[in-house]
Structure formats: structure tokens, C-alpha cells
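Construct the complete structure from the given sequences, taking the supplied hints into account.
Same order as they appear, the protein sequences are chains R, F and C. Residues in the first sequence are numbered consecutively from 1, following my numbering. Residues in the second sequence are numbered consecutively from 1, following my numbering. Residues in the third sequence are numbered consecutively from 1, following my numbering.
Derived by calculation from the structure, the hints in this document are not laboratory data. Please note: incorrect hints may appear among the correct ones.
As the list claims (entries may be wrong) - Calculated Cβ distances over 12 Å to all of chain F for the following chain C residues:
id: 1; residue: Gly8
id: 2; residue: Asn10
id: 3; residue: Ile125
id: 4; residue: His209
Stated by the list, open to error - Rough simulated footprint, nothing fancy, chain F against chain R, three-plus residues with beta-carbon under 8 Å:
id: 5; stretch: 131-139
id: 6; stretch: 158-165
id: 7; stretch: 232-241
id: 8; stretch: 262-275
id: 9; stretch: 305-316
Just so it is clear, CB atoms sit at the ideal spot from N, CA and C, and this is done for glycine as well.
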Amino acid sequence: MDAIFLQILNGLDKGSAYALIALGLTLIFGTLGVVNFAHGALFMLGAFCAVTLNGILSLSFTTIDDSRTDFLGNPLRVETPYVESWFGPEIGAAIIQWSVPLSILFAIPVMVLVGLIMERGLIKHFYRRPHADQILVTFGLAIVLQEIIKYFFGANPIPTPAPPSFAGSFDFGVWLGFSPGSIIYPYWRMVYFAFAIGIIGAVFAFLRYTTFGMVVRAGMADRETVGFLGINIDRRFTIMFAIAAVVAGLAGVMYAPINSPNYHMGMDFLVLSFVVVVVGGMGSLAGAVLAGFLLGILESFASMAQVVALFPGINQIVIYLVAIIVLLTRPRGLMGRKGVMED
Amino acid sequence: MLGLNKKDTTLLIIVVIMTMFAPFILNPFPETSQLAQFNAGYPDLMQRFVIFGIFAIGFNILFGLTGYLSFGHAAFLGVGSYAGVWMMKLLTMNVIPAILMSMIVAGLFSILVGYISLRRSGIYFSILTLAFAQMSFSLAYSVLTPITNGETGLQLALDDPRILGVSQVAGSIPPASLFGLAMRDSYEMTLGGWAFTFNVGYYLCAVVMIVAFYIAIRIFRSPFGLMLKAVKSNQQRLNYTGVNSKPYTFAAFVISGMYAGLAGGLMVAMDPLAGAERMQWTASGEVVLMTILGGAGTLFGPVLGAGFIKYFENIFSKINDTILHQWFAALPDGIEDTLVFLIHPFIGKGWHLTLGIVFMLVVIFLPGGIMEGIRRIVDLFKRRSPKDEVSGGAVPSAKAAE
Amino acid sequence: MEILKVEGVNKSFGGLKALNEVNLSVEQGNVHAIIGPNGAGKSTLLNCFVGRLTPDTGTVTFMGKNLIGIKPHEINQAGVSRVFQTPEIFGDLSILDNVVIPALASSDGSFTFNAWRGVRKRAEIQEKAESILEDIGLAEKKDVLAASLSRGDKRRLELAMCLVQDPKLVLLDEPTAGMSRADTNNTIDLLKRIGERGITKIVIEHDMHVVFSLANKVSVLAQGTVIVEGKPEDIKGDPRVQEAYLGGAHI
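Given below as C-alpha cells:
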């Protein structure tokens, strides 16, 4: 029983990332009708926003402390981050430690800008081109983005720690009445899950309760008719693209402490997120979220030692296997609508 | 000739000449000249040109003709490679069984993948092929280690049985060969400042590619090929025209899978090892790039695309800042440094960045790839000639599009 | 002789009954027009013949062969060819290939793995295709991409794609919709000439001018049911037809 709880919890963080990326993919697909292979790259850019801000905040100047010496006997060179000298050592250190959550504020404008440039500069011209062309051009863009990041940040993963207050783990076992130590779950992953739920809730609320969202939803259902009403749907769709970029970016920012960002993390997540979208049902927002969490948890169960002993290698392929089965038995996915992408 | 019309015969002859004389054509610069680094006439690279050419020709039969975009074709190449290495481990170092088995195994695997994936079309098909390829990749790394040797990759060993040949010769693994001709044997020729290498392995690959290309022409010009083009153009209409499009696309899928297997088998024949990374989806993406870049749906485009990518991959990766400084040495220092600084991100390890940008530009501005570029240039010259203006060249001709 | 027999066909979409106990009998060699006001179910009925829709109940028999539940390509192979309301052609292939494809389909069947011998080497196919293009006046343009044709030409091409198959029955869905008067008359002439080949045709049409110049039998469909059937002259004056078209509306 405790093992099951543990696996569900373990699946949540990855599932959250899948759900957030898949949500953005679906928003873009549902509104603009574009299959965006560069969406993983947006997730990766988000993670590198956290890396960048962490780097900026840690920028230091060097002073020479004559009173102390290093092991060679030379005067000790002391690196002091600027923020520490500006805000005093305690507040300064705290700012650096909290760089990942602070990156949210940094990432939002960056991702909005990236999203706008991408949509206006490139994607816009591909609305009426075949899906294969859209896949190809965004695939090219994904390569370009990841190579740019590789150029500036190198090929190695860059550890980006969470604030120390969230560093430890929480013993769920005791809390749920199991033996202590049976279900240990890092705090930050709980934060990530809560954050993902918050973002998903915000997106759904936005679509549900604002006029803007209503128009967008109407546009998703029937673009032409909304166009006839004299509503400038294109401008709204641009904004939706930016929102989707922000969602992916924030998912990346907060994921940085879980998995040290590297340049190809976007591609890794993209393939799986596409599978998630297809399983959830192309064009269904709720389906994307549901399938994201389900597949995350499923993957986590499949990697249990007992399961792997029974079906070796199942942990590696379970998501693809599920995708194949779903596509063949329920071609529209779990919650897909009729007529989406069927011709 | 050979059942081809005049235009296709010319094309085939061009390909034959280009491949047969490649050691000359690709080595235009003398050994000692500064430009020698642009030479591509060494065996390893030439082998890659033709092997990836075969891979792309096959991929084009599926994607170029039917429009079904597979993101999993590297899996067939990988499976073929493993099969090839096993033949060399178990049977003989003669490359024929290895190459044949690569094609057969890849063909069987593509029957399985195609049968399932082709139940859907459009992006669903792409995702299904992607899922299969990623599954094969993961399994090759994990559970199938007894067959694939996991991360290390499958290699030959001294104590392999090789029941039809010899297990070892004088304490070492015998070289891959074709009835006594070792693949790695080369004949060097020096002409003045030029050096040319004629490698057995390359010529085997080249002959295979010519055959593969010839078969592709036959397929393109056959009723079967026409039906595949009709699938891309308007599949629904084709069904209402009394044609069952499913077996056509399925056959195209399996044929292109066997081409991929053939490429995998040749890779093994040249260098007897196989690794899972050959099956990764980025490898599938590469053949997509080659085909698009050259011109999907054209006969010669994919070969051109494969050559283009492999050549520039090789050249760009070799160029470094020192070489750049040499090039621009004549310029004033400030300009020299600025130029080197600007070009730096795109060379060496930055080759993928260049490739990504070029690929995007092609998809955006030249969806027909290099072949369309060539056609546009030819049209530009034709339009200038007065003869064409009289006949009114404004009518788009289907022949020009081929 | 009866070539197509429709018996008791019903089709509903949700709560809407599109076809209600439709019975129809088409004689060999006839040009049978199906007319009726918008939403009468004409296109739905046609879609039931070609396998695009499956009726809820009822049978459609073509020369003794059941057409319900079989695939579109099987229906075509049985000898039923269709011209669509909006021209459906192979836009990025040449005009000649557009005609060669159906010719191949009727000579080689729904699937043949003929990947070796060139299309152009199939003299019988080429001749047949070129002669039909000659017939409809597109022979000079045979190497032009089909997508570049005018709408009227596309329609003619599609007709050629049907005829090259020597079908036993052709279904025409509003063959003159959206055409100018001159184009309409051209099409009527073309259809009349085809009529001389003795191919049975079912025509769905709004334009009464077309109906009366082509058809020798007319069925009037209203609210999913055949209300009147007969010769064109008889239909013209029938009060039930006028009632159906005007729907009791007071103009």
C-alpha cells in the first residue's frame, strides 16, 4: 500500500511537467491549428531562464583579504556577490538561494517575448501550410534553439538548487500512518505539483471566466464562424501562443531543481509530451492534463522493481506502448473530439 | 535504355558517373594546398555519402511519394545493422549474407510497424512511428542487451563462431570482405600533387546505390508509383476511383524500410559494429532533413540532400578559429576578428546550428528543396530566351515539376 | 432492366431524419434525375450509394450486388463512378495522370503491385486516356498540372476520370453548380454526348433547365421521401412538386 502511494507521488512531478507541456501544445494546436515541435524547446528555455537568473544573481566581484591567506600563502581572494554587498550578506544570500522561484518573474516577460516573436515571425506564415510543413519548420526551430543554448551554456547539465527551505524531504509515511521512512518525498516536488495545479487551474479559469477566453474557446471549436462575427481572432490567438509559451517556460523554470537543465531536455520532453497529447486526445485541454498525470504515474509504476522483474524493460516503453494501444483502439484519444486532424 | 525514357536514362548515367568517379570529383584540390581540407574524397566520407543516399532514396519512396511522414525510419536502419553484425558473428565475414539479412530483418520489422502505424494517417501516423522507434531504441539499450550489447554496442569478437568462414585469422578478427576482397582495402593513386583513394568498400556501396537508385526510378515511373503520388495528392478521391490505397502505402512503407535496412547492412559491412544510437529519433530526423533539403518527391533530391548534409557536417566540424583566421588573414585585424567572432558559433561543434537554420530557411522559402532551387534557376534562364516567351511559358507544366 | 434498386432506406443524424423509407429504381440506360428542395436528402442519398454513409436500415442493390457496408473502392470496382459536387481531382498531378489513374484502377483492379513496368509503356491505358481527353477537349493541356485548370475544366476532367473507367452507372452531384450559363450548356452537351454511350446516370440537380434537357426520368425528393416519380413532362405540372418546392410558403 505504501509502495503504491510512493509511486503515485513519484509520478506526480513528471506528470506535472508532461501535463503543463501538453496543455501548451494543445492550446497552440487547438487555437492556431499548428503542430509545434518547438514546444519542448520553450520548456528548455524556461529552465535556462532559471539558470541565467541564478548566474546573474551570483555575479561577484573579487576583493583581496590581506588578513587571511589561501593554502599557497597568497592573500585570500574573496568573491562577494553584488547582491550581498548591496542588500547585506543575509538578504543577499537569501535572494541567491531563492533564485529559482524568483526566476518566475524573470521568465514571464522573457517567454512572452519569445512566444510573440515566434508566432509573429514564423508560425504565422504556416497556418495554411500542411501539418507536415509545420512539423518540419518547428523541428528546425527546435534544433536552432537548443544549439543556441548549447553554445552559451555548454553541453553539461547545470545544477540549479531549490531554496534551502525546500531542500529536505517530507516523510509522508508517518503522516499517513505507515512506518516512518516508507514514503519519503522531496519538498520541492510537492511544490512543483502544487505549482502545476495552480497554473493549470489559472489557464482553465482564464478560458472559462473571461470574455477573452470565451472567444478563444469558440475559436477552437469553429474558427471560421468566429471570424465571421467580426472578431479579430488572429490577435487573440497570438496572445494564446504567448500564454502557451509562458506555461511551458514556467514548467521549465520550476523543473530546474528537479533535473539539472541541459540543452536537450526539451527534445526529451517533447516526444513524450506529444504522445501525451495524442493519448489525451488532440485538441482536448482536459485530456492533455489528464493524460499527462496518468502517464507520469504509469511510468512511475512501471519502474517499480517488482514490475520490472516481471516485464523487463517495461519502464522504458510503457508510455509508447500505451500510446500505440490508445491510438489503435480509441483513435481520438481519451477525450478527443470528432473531426480533429482526421483528414 | 534499361526500360527508362531518355530523361531518366540521362539521370541514371549522371549518377553512375558521379559515383564511379567520386574519388576524383571529390578531391579537386592538391594534397598540399590550403583548400585540401575541402576535399571529401576519402573512403570513410564517401561511404557515408552513398549509404545515407540509399537511406534517403528509400525514405523518399514513402514520404516523397505518399506524403506519410515517418519519424521512425532510423529504427529500421538500426535493426538492419544489428542483423548484419550477427551474420558476421555467426556465419561469415563475407558481406553478402550480412547485407541480405539486414534487408530481410528490417523488412520484417517494417511489416510489423507499418501494419500498425498505417491504420492512422497525418500526425497520428508520425507519432506512432516515433513511438515505435523510441521503443526500439529504449529496448535496445535495456532488455535486449543480450542481442544488442546495450550501451557498448554490438561488436565482433575473436571467439565468434563464423561457421561458414573462419573464426579468426592469426589471432585477429578477419576483415569484412566480398569473396576475398577486403572492404577496407584501398588503392592509392598519386597524380602530381593530387592523391586519390579507390576503396573496395566504397565501390561496393556505390554499385549498390546505383542499383537502389535504378529501382527507385522504376518505382517512380510505374503504375504503383503513380498510385503513391495519388495517395499524397488526394487519398479520398483515389479510394472513390476504385483503388484500395492501404496496400499501396503499406508496400511503400515496407520497401522504404528495406532500403533503410540495406543502408544499415552496408554500414556494418564497412564498419562491423552497431549501436542503439543509430535508432534514436534524432537519427530519423536526419533522414527527414536530407530528403526535404534535397527535394522530397524528386528522384535525385534525396541523394543530393544526403550528400549535402554529410559533406557540410564533415567540413563544418573540421573548421576552427585558427583556420578562419588563416582565411581572413588578408583583411585588417579588426575586421578579421569580427568576422571570426561572427562565424564562430556556426562552425565546429556549431554545425547543428547551421543545419537547423538552413533547414528552416529551406522549409520556409524553398519547400521543394535544392531541386526546386535548381529548377527555379533553370526557369530563370529559360524565361530570358525568346523562344519560350512565344509559346507562353506561364502554364505550369507537370513535367517540370518532376 | 433494373440496374440500381433502393429499398426502404432510412438515415438519421441525431434526431434529424434525413432519409425516410426511400425507394428508388433506376433502369439501365436511363438518365435519372433526383431533384428536390434544399435539405431534401439528395446528397445524403447519393452518399449512401458510394459508401460514404451507411444507411440505418434498407438495402441498395446494384446489378444484384449489395452496396451497403462495402468500401468505396469496392463500389467503384463494381461499376459505380461518381462525380463530386466540388471537383475532386489530383491537383498536383498532370491532367493525363488524372485520367490514367482511374484507367489503371479499372484495368488492374483495386490493388496490383505493378512497380516495375512503366506507366507510359502501357499502350492500352495511354491510348484510352488520351482519347478520352480528346473527347472532352483537354488533350492539348494533358501535361499541365490539374490544379491550374479553371473550375469548369476541372469538372470536365472529373467527368473524364469517370468515363475512362467505362462505368455502368455514373452518379453526378450537381454537375453544373456554380457554372455560368455558357458553361452549363457546354456541360449539358457533353453529358448528352456521353448519353450516347448508353451509360446509366443518376443526376442530382437544382437547375430545372439541366434536368429537363437531360433526364428521361425524375424522382422528386422532399423531407427525405420520394414524393413523385415520372417523366419530366409529368413532373413539371405536378402540384405536389410545386408544393414541395414552395413548401407552402407564400411568396
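Results for each hint:
1. With a least CB separation of 25 Å from chain F, C:Gly8 remains clear of the 12 Å interface cut-off, as annotated.
2. Its beta-carbon lying about 24 Å from the closest one in chain F, C:Asn10 satisfies the requirement of being farther than 12 Å from that chain.
3. Distance check on C:Ile125: its Cβ comes as close as 8 Å (rounded) to a Cβ of chain F, failing to clear the 12 Å threshold; non-interface status is violated.
4. The beta carbon of C:His209 sits about 28 Å from the closest Cβ of chain F, which is more than 12 Å, so the claim that it is off the interface holds.
5. As drawn, the stretch 131-139 of chain R meets chain F at 7 residues by the rule of a beta-carbon pair under 8 Å; at three or more, the given contact holds.
6. Interface restraint, the stretch 158-165 of chain R with chain F: violated (0 residues with C-beta to C-beta distance below 8 Å; minimum three).
7. Using a Cβ-Cβ cut-off of 8 Å, 0 residues of the stretch 232-241 of chain R lie near chain F, which falls short of the minimum of three, so the contact claim is violated.
8. Check on the stretch 262-275 of chain R: 4 of its residues sit with their Cβ under 8 Å from a Cβ of chain F, so the three-residue criterion for coverage holds.
9. Three residues within the 8 Å Cβ limit are the bar, and the stretch 305-316 of chain R against chain F gives 3, so the coverage statement holds.
Taken one by one, the earlier hints fail for this structure at numbers 3, 6 and 7, listed in ascending order.
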